[in-house]
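Asks: Residues per chain are reported as follows:
2 protein chains.
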Amino acid sequence: MDNVKYFLPETDIPTAWYNIAADLPVPLPPVLHPGTKQPIGPEDLAPIFPMAIIEQEVSTQRWIDIPTPVRDIYRQWRCTPLRRARRLEEFLGTPAKIYFKDESVSPAGSHKPNTAIPQAYYNKREGVKRIITETGAGQWGSSLSLAGTYFDLDILIYMVKVSYGQKPYRRALMETWGGRVIASPSNTTAAGRAILAEHPDSTGSLGMAIAEAVEVAAQDPEAKYALGSVLNHVMLHQTVIGLEALKQMELAGDYPDVVIGCAGGGSNFAGISFPFLGKKLRGERSTRILAVEPASCPTLTKGKFAYDFGDTAHLTPLLKMYTLGNTFVPEGIHAGGLRYHGMSPLVSHLSNLGEIEARAYPQLGCFEAGMTFARTEGILPAPESTHAIKGAIDEALRCKRENKAETILFCLSGHGHFDLPAYQDYRAGKLVDHEYSHEEVAMALAGLPSIT
Amino acid sequence: MDNVKYFLPETDIPTAWYNIAADLPVPLPPVLHPGTKQPIGPEDLAPIFPMAIIEQEVSTQRWIDIPTPVRDIYRQWRCTPLRRARRLEEFLGTPAKIYFKDESVSPAGSHKPNTAIPQAYYNKREGVKRIITETGAGQWGSSLSLAGTYFDLDILIYMVKVSYGQKPYRRALMETWGGRVIASPSNTTAAGRAILAEHPDSTGSLGMAIAEAVEVAAQDPEAKYALGSVLNHVMLHQTVIGLEALKQMELAGDYPDVVIGCAGGGSNFAGISFPFLGKKLRGERSTRILAVEPASCPTLTKGKFAYDFGDTAHLTPLLKMYTLGNTFVPEGIHAGGLRYHGMSPLVSHLSNLGEIEARAYPQLGCFEAGMTFARTEGILPAPESTHAIKGAIDEALRCKRENKAETILFCLSGHGHFDLPAYQDYRAGKLVDHEYSHEEVAMALAGLPSIT
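So the protein sequences, as listed, match chains G and D. So the first sequence is numbered by our numbering: it starts at 53 and just counts up by one. So the second sequence is numbered by our numbering: it starts at 53 and just counts up by one.
Keep in mind that the hints were calculated from the coordinates and are not lab data. One or more hints might be untrue.
A pair counts as met if it fits within one copy or between any two copies, since identical chains are not told apart.
To be verified - Result set (DSS-like, lysine-lysine): computed pairs, CA atoms no more than 30 Å apart in a straight line:
(1) Lys-452 <-> Lys-331
(2) Lys-331 <-> Lys-356
(3) Lys-332 <-> Lys-356
(4) Lys-372 <-> Lys-456
(5) Lys-482 <-> Lys-213
(6) Lys-57 <-> Lys-299
(7) Lys-452 <-> Lys-332
(8) Lys-176 <-> Lys-57
(9) Lys-331 <-> Lys-181
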C-alpha cells in the first residue's frame with residue numbers, strides 16, 4: 053500500500069525562503085505613515101523592528117537565505133511530515149486524494165515557531181535584549197517564548213485579559229519556556245493605565261495589547277516589538293511550509309489541484325500556498341488556492357480592500373488590505389487565531405488580483421469537521437485548523453459528486469491540545485453560529501480612514 | 053553537522069513484537085488464582101480477555117507477528133523519531149551522547165496507543181462490542197478511546213473521581229474520541245454502590261476503578277476488560293519502541309551503553325529496553341538497563357519481590373512482582389502514571405535476576421530536569437517522562453565527571469500538554485518531595501498474602 057506520510061531528511065530543509073513579492077504581476081501598494089499618510093521609510097520602523105526584518109519587509113528578491121542558526125533550530129522538528137489522510141478519504145467515500153502538511157508537530161504545536169525563531173535570531177544579532185509582543189489565544193506568545201529560550205532573550209507578552217483567565221494552559225506553557233506574561237490592559241504602561249482609568253473592568257482586546265507592547269518596545273532602547281502574522285516578513289518565513297510540501301508532493305508522485313489554508317492574519321495560509329502560487333504566477337504549474345475564514349470574521353469574503361490601521365489606537369502604519377474596519381470586534385469564537393479585522397497585505401493583494409479564492413464557514417460546521425478528523429486521522433486539530441479541514445472535506449465531497457480524483461492539499465496549522473474546553477462546549481451544544489451580515493460589516497467599514 | 057533526528061520509513065515498522073519470555077534465563081513464576089492460589093489456566097482469564105491476548109500472555113515464542121490492520125494504524129505515527137539531544141548535551145557540557153526515542157508524537161501523546169491498538173483489534177476480531185477499562189491520569193483511557201474509533205468499539209472508562217475533576221482536558225480528549233467516562237466510584241456497579249454507601253464522599257482510587265471495570269466486563273457477554281500496563285502482553289506490544297530504536301541507533305552509527313526508562317507499571321520501560329536486554333541475554337551485545345521510579349512510589353528500589361494482588365479488592369490473580377503491598381497508597385504526585393503499588397512481573401523478574409538496575413528520584417528534581425529539557429530541546433515532557441530525563445541527565449553528568457563519551461538512550465514516553473498545571477505548581481513552589489521510608493514500606497508489606 054502507498055505511504056500515509058512522507059518525511060524529508062534534515063538536509064531537505066529549505067536553504068532560502070521564497071518571497072512572492074518577486075513574482076507579483078502588480079507591485080504591492082505602499083505602507084503609509086499613520087500621521088502624514090505618505091509612504092514610510094525604513095527609519096520609521098527602526099524603533100520597533102531590527103533592520104534585517106525591515107529589509108525583508110520591503111525586499112523584492114525572490115529567494116532570501118535562511119541563516120544557519122535558524123536552520124539548526126528548524127532541524128529539531130522540520131521537515132514536518134506531509135501526511136495522506138487515507139482514513140478520512142475512506143470515511144468520505146471520495147475519489148479525491150487528501151494530503152495535509154502537519155505543522156502541529158512543532159514544539160509549540162503550530163506553525164508559529166517558523167517565524168518566531170528567525171525573528172528572535174535577527175533581534176539577537178542586532179543586540180536586542182528583550183522582545184515585547186501581544187498574544188490573543190497564546191499560540192504566538194508561546195512560540196516566541198520558545199524562541200527566547202534558544203537565543204537567551206527576555207520575552208514579555210501582553211495577553212488579552214479574558215484569554216489570560218480562560219486559557220491557563222497556554223499561559224503556563226509560555227511561562228515554562230521563560231516568557232513573562234502580563235494580562236492586558238495593565239498598569240505597566242500609559243496606554244494600559246488610561247484604559248483602566250476609564251474602564252477598570254476591561255477584559256482587554258488585541259488592539260489594546262498591541263498598544264501596550266508597542267509602547268514598551270518603543271521606549272526601551274534594548275527592546276524591540278514582534279508580530280506573529282500579517283506582515284510580509286512573517287509570510288516570507290512561513291514559506292518553509294509550502295517549499296517542503298512541494299518536495300513531498302513530488303515524493304508522493306502527485307501535485308495538488310487545490311491548496312487550502314485557514315486565514316486569520318494570513319501566515320499559515322501564505323506559508324502553505326505561496327510556493328505553489330508562485331509557480332502559477334510564473335506560468336509553470338496551475339493550482340487553485342483557497343483561503344478559509346470564519347463567517348464571524350469574514351475579512352476576505354465581506355471586507356473591503358482599503359487602507360486601514362492594524363490596531364484600534366491608530367498607532368500602526370496604514371496597510372492596504374482586506375479589512376472589516378479597525379473598530380470591528382468579532383464574536384468570541386474559539387478560533388482565536390482567526391479573529392482579526394485585517395488580513396496580510398500580500399494575501400489581500402493577491403486575493404484582489406483574483407489569484408486566491410476565499411470562503412467563510414460558521415464555527416459549528418468547522419468543529420464537526422474537526423471531530424471527523426480526530427476520529428479518522430487521530431489528530432485533534434486546533435479550532436483554527438478545523439476551518440482548513442472543513443474546506444478540504446467540502447472539496448473532497450465535491451469531487452465525489454463530480455466523480456473526480458483530484459488532489460487536495462491543506463495545512464494543519466496546529467493541534468488542539470490546549471483547546472479541549474472548546475470541543476467540550478461544542479459537544480455540549482453550547483456553541484452557536486454567528487454570521488456577520490453585509491449591513492453590520494458596512495457599519496464597521498464606515499469608520500475607515502479616508503486615503504486619497 | 054550530524055543529524056538531530058533519525059526517521060525510519062513506514063516499511064521499517066517491525067513486523068513482529070519481541071517476546072523476552074523466550075530469552076529468560078529462568079522462567080517466569082506462574083500466575084496464581086486469587087481463590088485457590090494454584091496456577092491459573094487460560095479459561096480463568098477468558099471472561100475478561102480475548103483468547104488472542106491470553107495466548108500472548110503465556111507465550112514463550114520469541115517473535116509474535118503484528119497483524120496487518122495493527123501495522124496499518126501504527127503507520128499513522130510510527131516509526132517514531134529517534135532524536136539526539138544536542139542542545140541538552142551542550143547545556144550539560146557532557147562528552148556523553150544523549151539520544152531519546154520520542155513516543156510523544158502519537159495521537160494520544162504517549163506510548164499507550166502501541167498496546168491500545170492491538171488490544172482493540174483482538175477484541176474486535178473475537179466479536180467483542182465494548183471494552184471496559186479504568187484510568188488514573190487519563191493517558192491510558194485516551195489511548196483506548198482512540199483505538200475504539202479505529203475499530204468501531206464502544207469504550208467505557210472508569211476514571212478515578214479526583215482525576216475526573218482535576219483533569220478536565222484529559223476527560224475531554226477521551227470524549228472527543230468517543231469514549232464514555234464515568235467518575236469512579238459510581239452508582240453504575242455493585243462495587244461502586246457499596247463504596248458510596250459507606251463513603252459517599254470517596255474521591256476514588258485506581259483499585260476501586262479496576263473493581264468497577266472488571267465487574268461490568270465480567271457481567272456483559274459482549275464486553276471485555278483491558279489493562280494498559282503490568283501484564284506480559286502489554287510489555288510485548290510496547291517492544292515496537294525498542295525494536296525501532298535498535299535500527300535507528302544503527303542509522304546513527306551508535307549503540308547505547310545505557311538504556312533508561314521511567315517505570316510505573318513498566319510498559320514504556322519494557323518497550324524501550326527489552327529488545328536491547330534480549331541482545332544482552334542472548335550474549336550478543338552488552339548494555340546497562342536502568343529503570344527510574346518516583347521516590348514516593350519506590351516499587352523496585354524498596355518493594356518486596358513477592359506474590360500480590362493487582363487491586364485492593366483482591367479480585368485479580370496473584371502476580372509475583374516487586375510490590376509495595378496492595379494497600380499502599382502513594383502520595384498524590386503529578387506523575388500519576390507512576391503511582392502503582394506493583395510492577396510488571398517481567399520487569400520484576402529480570403530486576404530480581406540482576407539484569408535491570410533501578411533508581412528512585414523525588415519529584416522536584418524530576419520537574420527541574422523537565423524544565424531543563426523543555427528549555428533546551430523545546431519539548432514539554434510528561435511528569436512521568438521527567439524521571440527518565442533526570443536519569444539520563446545524571447548519567448550524562450557522571451560521564452562528564454569521568455570524562456567518558458558514553459552513549460545514553462532514554463524513552464520520552466509522552467508530552468506534558470495536559471499536565472501544565474503541574475509545571476505551574478512546581479514553579480510556584482507548591483510541590484514538595486516525599487520519600488517513603490523503609491519503615492513505612494515494611495508496614496504496607498505486612499499485609500501481603502502468604503503464599504507457600
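Asks: When no copy is named, should Lys-57 and Lys-299 be tagged within, between, both, or neither for a Cα gap of at most 30 Å?
Replies: both (13 Å within a copy, 19 Å between copies)
Asks: Check Lys-452 against Lys-332 for me: Cα-Cα at most 30 Å, and say if that holds within a copy, between copies, both or neither.
Replies: Within. Shortest intra-copy distance 26 Å satisfies the 30 Å Cα cut-off; inter-copy 55 Å does not.
Asks: Taking 30 Å as the upper bound on the Cα-Cα distance, should Lys-332 and Lys-356 be classified as within, between, both, or neither?
Replies: within (25 Å within a copy, 70 Å between copies)
Asks: First find the shortest C-alpha distance between Lys-372 and Lys-456 inside one copy, then the shortest across copies, and answer within, between, both or neither for a cut-off of 30 Å.
Replies: The answer is neither: 38 Å in one copy and 60 Å across copies each exceed 30 Å.
Asks: Treating 30 Å as the Cα threshold, decide for Lys-452 and Lys-331: within, between, both or neither.
Replies: within (27 Å within a copy, 52 Å between copies)
Asks: For the identical chains here, do Lys-331 and Lys-356 meet the 30 Å Cα criterion within one copy, between copies, both, or neither?
Replies: Within one copy, since 28 Å is at most 30 Å while 68 Å is not.
Asks: Could you figure out if Lys-176 and Lys-57 sit no more than 30 Å apart (CA to CA) within one copy, between two copies, both or neither?
Replies: between (36 Å within a copy, 26 Å between copies)
Asks: Is it within a copy, between copies, both, or neither that the alpha carbon of Lys-331 lies no farther than 30 Å from that of Lys-181?
Replies: Result: close neither inside a copy nor across copies, 39 Å intra and 51 Å inter.
Asks: If the cut is 30 Å between Cα atoms, do Lys-482 and Lys-213 qualify within a copy, between copies, both or neither?
Replies: both (22 Å within a copy, 24 Å between copies)
When each numbered hint is compared with the structure, violations occur for hints 4 and 9.
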